[in-house]
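First to last, the protein sequences are chains A and B. Okay, so the first sequence: first residue is 29 according to the working numbering, each after it adds one. Okay, so the second sequence: first residue is -19 according to the working numbering, each after it adds one.
Some clues are possibly wrong.
To be verified - Straight-line distance between alpha carbons at most 27 Å, and here's what the computed DSS-like set of lysine-lysine pairs gives:
(1) B:K49 x A:K77
(2) A:K77 x B:K399
(3) B:K49 x A:K257
(4) A:K77 x B:K107
(5) B:K162 x A:K154
(6) A:K77 x B:K298
(7) A:K77 x B:K300
What the hints assert, rightly or not - Partial list, derived from the structure: chain A residues whose beta carbon lies under 10 Å from chain B:
(8) S73
(9) I74
(10) G76
(11) D94
(12) F161
(13) S180
(14) G272
(15) G289
No lab work stands behind these hints, which were simulated from the structure alone. For glycine and all other residues, C-beta sits at the position ideal for the given N, C-alpha and C.
Now for the letters of each chain:
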Amino acid sequence: MTPLTRRRGWIATPYVFLAPALVIIFVFIIYPGVNMIYLSLCRASIMGKIAFTGMDNYVTLFTSSDFYSSLTASITFMIVVVVAQTSIALAVALIVQSERKGMGALRTLFFIPVVLSFVVVAFLWKFLYNPDFGLINALFGALSIARQGFLSDPNQALGSMIVACIWKSFAFFMMIFIAGLKEIPNELYEAAHLDGAKPAQRLRFITLPLLRRTILFVVVITTMDSFIKVFTPVFVMTDGGPRGRTDLLVYFIWRTAFRLGDIGYASAVAMLMFVFVLVINLVQLKIGEVHDAH
Amino acid sequence: MKAKWFKWVLSLVLVLSPLGLNLFADNAKVIIDTFPDLFIDQMIHALQKAGLADKAEIRTVPQNQYESKLKLTIASGDVGDVICMDAPNIAYYADAGALEPLEAYWDKGDFNDLVGSARSAMTWNGKIWAAPLNESNCVLWYNKDMFKAAKLTAPTKLSEAWTVDQLLQAAIKLTKKDSSGKTTVYGILPQMFSSDTRNEGMSYTQMLWTWWFGGDILSKDGKTAKGYFDSPASKQALHFYQDLFQKYGVAPAVPISGGFEAERIAMWITGPWMIGEWKNHFPDFYKANKWGAMPLPKGVAAASNSGSWNLAISRQSKNKQLAWQVVQGITGKDGAYVYCSETGNLPARQSVLDKTDMSKPPFTIIKEQLVQSARCRPVTPVYPQITYPLMDCFNAVALGEAVDKAVSDAVGKMERALK
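Chain A extracted, bound-state conformation (with noise of 0.2 Å):
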């Protein structure tokens, strides 16, 4: 034993042990997170020049229209995706978690785009969403139904993009979904369907209740997913148009630490995000506690 194990109360063997993880999580968490609040509070450019100006750099979000648009724009995106991707997760789910030939083979075609990479997905559908020569567009002109813009049109864009993340992603929640469904005791649906409950109400008195904790791991990982981690699509896609309409917060603040060297304001909106989504994430844990305890 070393002097310093025999102090009363005191071992360093475990600070030994834990010193490598603490040190990674230092340089690579802590200390950047702290430097960009402080870089939050500074006008500050990419390339080194820094000046502290205190809060103009959150004067200017709260006033800045592209932020606000940015902001409903990834707001929006998060409520659609949230809903629309876990119902169709949790709905092909209940089709395809029977053992029935064939929904093993389904289960493998859905979720084929789970593991393709994101940039050849976005590339994928923004040449199916082509105006001019894409294959959706080819199809509509076949059944006389007028080209669309997708993601050319401001009113198309997001809706289009939206459809390919959900593409890309539902069937992952699905097979979570699936492990969910699979834990729900077969006896409980036998006895539902002796006491004569429709497949509607095993659904809504069986199944739902007892997914409760599934449903919101899945509504807790899509929220922050589809909030914080989309910068891909709109990059290949969009680039943030058509008139800013998929400009996504992430995407906004990598142009502008990027593309005009405004690390300063990027890491305002950077620390606005990070509130946002600790709130969100917060509010959802105690709206799952207070049903548990219900």
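Add chain B to chain A, keeping to what the hints say.
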């Protein structure tokens, strides 16, 4: 004893030599940061002619990552000695302290060999910051067959350039619709790419419209956009531009891939580099020789664009003298002639322009425009925060946004950056 001493010295030399510590040769090199589309081979040819090919090493990243990567390498201290730089961004990097001023290296007489627009673009805050690889300019390309069918005659000299109203009338004549009312041929694409694109090529061509109507982007001192980009003249330009898309339907609001080459767009404002594009990627279109060039239109003022890629010396360079020799090797009178004649790019030096065969269109027109009407983009350290609001404003009005609102948004963003 002497033999032992000699053996030690010899052993030291033999050991150190493989480590690159060759005591008898000068192998200092400068690193040039650039991207692959900037005609690397031609830069090397220019350096070979100057006897400097072994003094430079070229390092590339893809063009769409270049600006972001450049900022990061400057911040991290890993930037090359010589940096390729787009003209309107020179003031931005100079203001950030990233560039070495060149007056101490560049002979004034040689600097004055540059055409006026190039001299303006290289200068900021009273100092010279870069040397141009080449200049640039745009023309109004047109489809000869469609012009013939519409009985239109394209002007061939700057003095005969169409007015914007004549351009509109021609675009209306050239626009064709099918029996269902769908437009099959658009009269004009009035900027470099489609209206859903956000890159510098858009600002480069869209600000022409502001200039043609007598407006401007910023004040002469570059300190404000208020009263300039939101002036009545600038707004009139935006109204006219919007009408091309919305009121008259002669310009496409949706992207049409290869629209000019597919003969779905009759006129197009873009640069002479398209000849190389057509030769390499649209050989049938190129060989059919259906494309002609005419001077850009004019409004209350004639104006053409300018500004291309340049070489600057990094302030972090430890070999500034050698870096300057390399820059001069590529952009000096001899190097510029090699580079421009092999790439087909427009020379930025008057002496090289005079030596270059500009006797065939579009180069006859370009030479006239470059000398008589070329203007450089606003020279300001916050150019990145000027160009995006500008192109967003033009793109928004093309898609139907109210001009006053779009201009107000743009000027607000520009003013925030300029303050």
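Each hint tested on the structure:
{"no.": "1", "hint": "B:K49 x A:K77", "in the structure": "holds, 17 Å"}
{"no.": "2", "hint": "A:K77 x B:K399", "in the structure": "holds, 16 Å"}
{"no.": "3", "hint": "B:K49 x A:K257", "in the structure": "holds, 21 Å"}
{"no.": "4", "hint": "A:K77 x B:K107", "in the structure": "holds, 20 Å"}
{"no.": "5", "hint": "B:K162 x A:K154", "in the structure": "holds, 23 Å"}
{"no.": "6", "hint": "A:K77 x B:K298", "in the structure": "holds, 21 Å"}
{"no.": "7", "hint": "A:K77 x B:K300", "in the structure": "holds, 23 Å"}
{"no.": "8", "hint": "S73", "in the structure": "holds, 6 Å"}
{"no.": "9", "hint": "I74", "in the structure": "holds, 5 Å"}
{"no.": "10", "hint": "G76", "in the structure": "holds, 6 Å"}
{"no.": "11", "hint": "D94", "in the structure": "holds, 7 Å"}
{"no.": "12", "hint": "F161", "in the structure": "holds, 7 Å"}
{"no.": "13", "hint": "S180", "in the structure": "holds, 5 Å"}
{"no.": "14", "hint": "G272", "in the structure": "holds, 7 Å"}
{"no.": "15", "hint": "G289", "in the structure": "holds, 6 Å"}
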